[in-house]
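Chemist: Sequences listed follow chains A and B, in order.
Letter 31 of the first sequence, counting from 1, is numbered 31 in this note's numbering, and no numbers are missing.
Letter 224 of the second sequence, counting from 1, is numbered 224 in this note's numbering, and no numbers are missing.
Hints listed in this document are in silico derivations from the structure and should not be mistaken for laboratory results.
Do not take every clue at face value.
A few chain B positions that, by computed beta-carbon distances, are all more than 12 Å from chain A [stated by the list, open to error]:
| id | residue |
| --- | --- |
| 1 | Ile5 |
| 2 | Ser26 |
| 3 | Asn38 |
| 4 | Met76 |
| 5 | Leu219 |
| 6 | Tyr261 |
Cβ-to-Cβ under 7 Å is the rule here; a few derived chain B residues that face chain A [stated by the list, open to error]:
| id | residue |
| --- | --- |
| 7 | Gln186 |
| 8 | Ala188 |
| 9 | Leu198 |
| 10 | Val271 |
| 11 | Gly274 |
Over 10 Å on every C-beta distance to chain B, these chain A residues come out as not near it, computed from the model [claimed, not checked]:
| id | residue |
| --- | --- |
| 12 | Ser51 |
| 13 | Phe54 |
| 14 | Ala57 |
| 15 | Asp78 |
| 16 | Phe98 |
| 17 | Gly112 |
Treat the numbers as computed from the prediction; the structure is a model and nothing was measured.
Each residue gets a CB set at the ideal place from its N, CA and C atoms; glycine is no exception.
Each chain, letter by letter, is given below.
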Amino acid sequence: MAPPANTEAIDFSEEQRQTLADLAGPMRLVSMVLFLLALLRLSIGLLTLPSNFFPGAASLLEGVLTGVLGLVMLTGSDDAQFLVKQKGNEKPHLVHTFSSLSTFYQIQIVLGILVGALLVIQRPF
Amino acid sequence: MNREIQLENGEKLFVSGFITAAAAESLVTLVANGTHFNWYSTLNGALGTILMLLLADRLYRGDRYIAPITLFVILMQLGLGLRALVDAVGLVKIPETFEFMALPFAWLAVVKILAYAILLSFLLCSTSVQDFLAWRRGEQVPERSYSTNTVEEVTAQAPSIPPSGVTISLSEKETASYANLPWLLQTAGAVLAVLGLLRVVYGILALKLIGLPGLFMLLDGTITLVLGLLLGLPAAACNLLKSEGPDLAYVMNAVRSLKSYYSLQFLLSIVLAGVLVLGQFIWPR
Numbered sequence: 001m002a003p004p005a006n007t008e009a010i011d012f013s014e015e016q017r018q019t020l021a022d023l024a025g026p027m028r029l030v031s032m033v034l035f036l037l038a039l040l041r042l043s044i045g046l047l048t049l050p051s052n053f054f055p056g057a058a059s060l061l062e063g064v065l066t067g068v069l070g071l072v073m074l075t076g077s078d079d080a081q082f083l084v085k086q087k088g089n090e091k092p093h094l095v096h097t098f099s100s101l102s103t104f105y106q107i108q109i110v111l112g113i114l115v116g117a118l119l120v121i122q123r124p125f
Numbered sequence: 001m002n003r004e005i006q007l008e009n010g011e012k013l014f015v016s017g018f019i020t021a022a023a024a025e026s027l028v029t030l031v032a033n034g035t036h037f038n039w040y041s042t043l044n045g046a047l048g049t050i051l052m053l054l055l056a057d058r059l060y061r062g063d064r065y066i067a068p069i070t071l072f073v074i075l076m077q078l079g080l081g082l083r084a085l086v087d088a089v090g091l092v093k094i095p096e097t098f099e100f101m102a103l104p105f106a107w108l109a110v111v112k113i114l115a116y117a118i119l120l121s122f123l124l125c126s127t128s129v130q131d132f133l134a135w136r137r138g139e140q141v142p143e144r145s146y147s148t149n150t151v152e153e154v155t156a157q158a159p160s161i162p163p164s165g166v167t168i169s170l171s172e173k174e175t176a177s178y179a180n181l182p183w184l185l186q187t188a189g190a191v192l193a194v195l196g197l198l199r200v201v202y203g204i205l206a207l208k209l210i211g212l213p214g215l216f217m218l219l220d221g222t223i224t225l226v227l228g229l230l231l232g233l234p235a236a237a238c239n240l241l242k243s244e245g246p247d248l249a250y251v252m253n254a255v256r257s258l259k260s261y262y263s264l265q266f267l268l269s270i271v272l273a274g275v276l277v278l279g280q281f282i283w284p285r
């Protein structure tokens with residue numbers, strides 16, 4: 001009797017595996033830049049907070065959310081990497097990669113609306 | 001069925017555009033009068049709101065001659081918004097005789113400009129809205145409009161990537177992991193584009209008022225705007241995956257598109273971080 005077919009596997013060709021590996025790299029780089037941007041926003045927030053509470057707090061909040069974005073993108077990047085490395089278990093990692101991206105853009109929409117609202121409410125110059 | 005969806009989309013956009021403009025007009029009037037009461041501006045705001053609702057009503061009823069008047073009124077309101085913005089940031093003051101046109105805060109003028117710009121773009125650029133209005137006027141709506149409007153239909157019609165024939169079997173729950181991605185990517189792109197545009201407008205004004213820091217804001221806005229607009233490309237690829245199903249060719253197409261976007265996002269984000277450092281730490285205002 002033949003063993004049951006592995007339902008978690010996706011038969012990617014070598015070229016397709018390379019494309020997936022190429023996705024993981026830029027995703028990781030983007031997450032690193034997001035961490036950098038988060039750090040910058042947090043620093044600006046901390047520096048501004050004592051003299052100007054509202055813009056400082058807004059910058060801190062933006063920094064925190066940007067950091068969360070970086071974390072989610074890093075998770076997605078790890079899943080894309082596992083997709084390539086863990087043969088026979090591709091499907092869950094593909095689903096996780098897509099889920100991470102969905103979460104990433106949900107947070108990005110919230111962040112974008114928040115920053116836009118703050119920009120409109122506070123006169124920036 | 002396509003025809004019904006098409007006209008329904010047009011109606012939704014038409015109504016939401018006018019509601020946005022009327023709501024913005026009311027908000028601007030309320031806030032402006034709450035801080036600096038003025039009978040002229042109260043009347044101006046109230047009449048502006050009522051006029052927009054009347055114009056919407058006439059258009060909805062299929063009035064043939066009201067469209068040019070509506071466009072004129074929208075352009076006039078945009079002009080008034082821009083004039084108020086220029087005045088609010090102190091570039092050129094409004095003469096005393098026309099002081100009722102002035103707004104106490106720049107952000108009120110920005111809200112007004114954005115609302116009318118959204119309405120104008122719906123009326124001029126959306127074929128759904130144009131077809132809906134043509135249908136209300138009892139005109140023959142061209143055939144093209146029923147098959148080229150929703151993103152799903154555009155993608156399905158385009159000379160798309162041929163399927164590989166290898167389908168990934170996914171459960172309903174697993175399919176849900178990417179089902180929302182096209183919508184999320186499109187919405188995130190639109191939010192980024194509006195945010196970028198807002199920063200570009202502020203940047204141009206700041207450039208004139210405070211010099212160099214305005215340039216940083218302008219650059220920041222331009223990068224955000226570009227990133228927002230380009231997000232439409234992976235959105236289209238994910239939409240193809242959603243509409244055609246999890247064929248390996250469509251999965252790889254979405255992956256390639258996302259990869260290209262993230263490569264560009266990385267480079268532009270580095271520039272953005274540089275702009276942020278320059279603007280906040282090296283040349284603070």
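Chemist: Run every hint past the structure and note whether it holds.
Modeler: Comparing the hints with the structure gives:
1. Ile5: Given that every Cβ of chain A is farther than 12 Å from that of Ile5 of chain B, nearest at about 24 Å, it holds.
2. Ser26: 16 Å, holds
3. Asn38: 21 Å, holds
4. Met76: 23 Å, holds
5. Leu219: 14 Å, holds
6. Tyr261: 8 Å, violated
7. Gln186: 9 Å, violated
8. Ala188: 4 Å, holds
9. Leu198: Result: holds, 6 Å to nearest chain A Cβ.
10. Val271: 10 Å, violated
11. Gly274: This interface hint is violated because 10 Å lies over the 7 Å limit.
12. Ser51: 12 Å, holds
13. Phe54: 13 Å, holds
14. Ala57: 16 Å, holds
15. Asp78: 14 Å, holds
16. Phe98: Violated, because the least Cβ-Cβ distance between Phe98 of chain A and chain B comes to about 4 Å, which does not exceed 10 Å.
17. Gly112: 4 Å, violated
The structure does not agree with the numbered hints 6, 7, 10, 11, 16, 17 stated previously, though it agrees with the rest.
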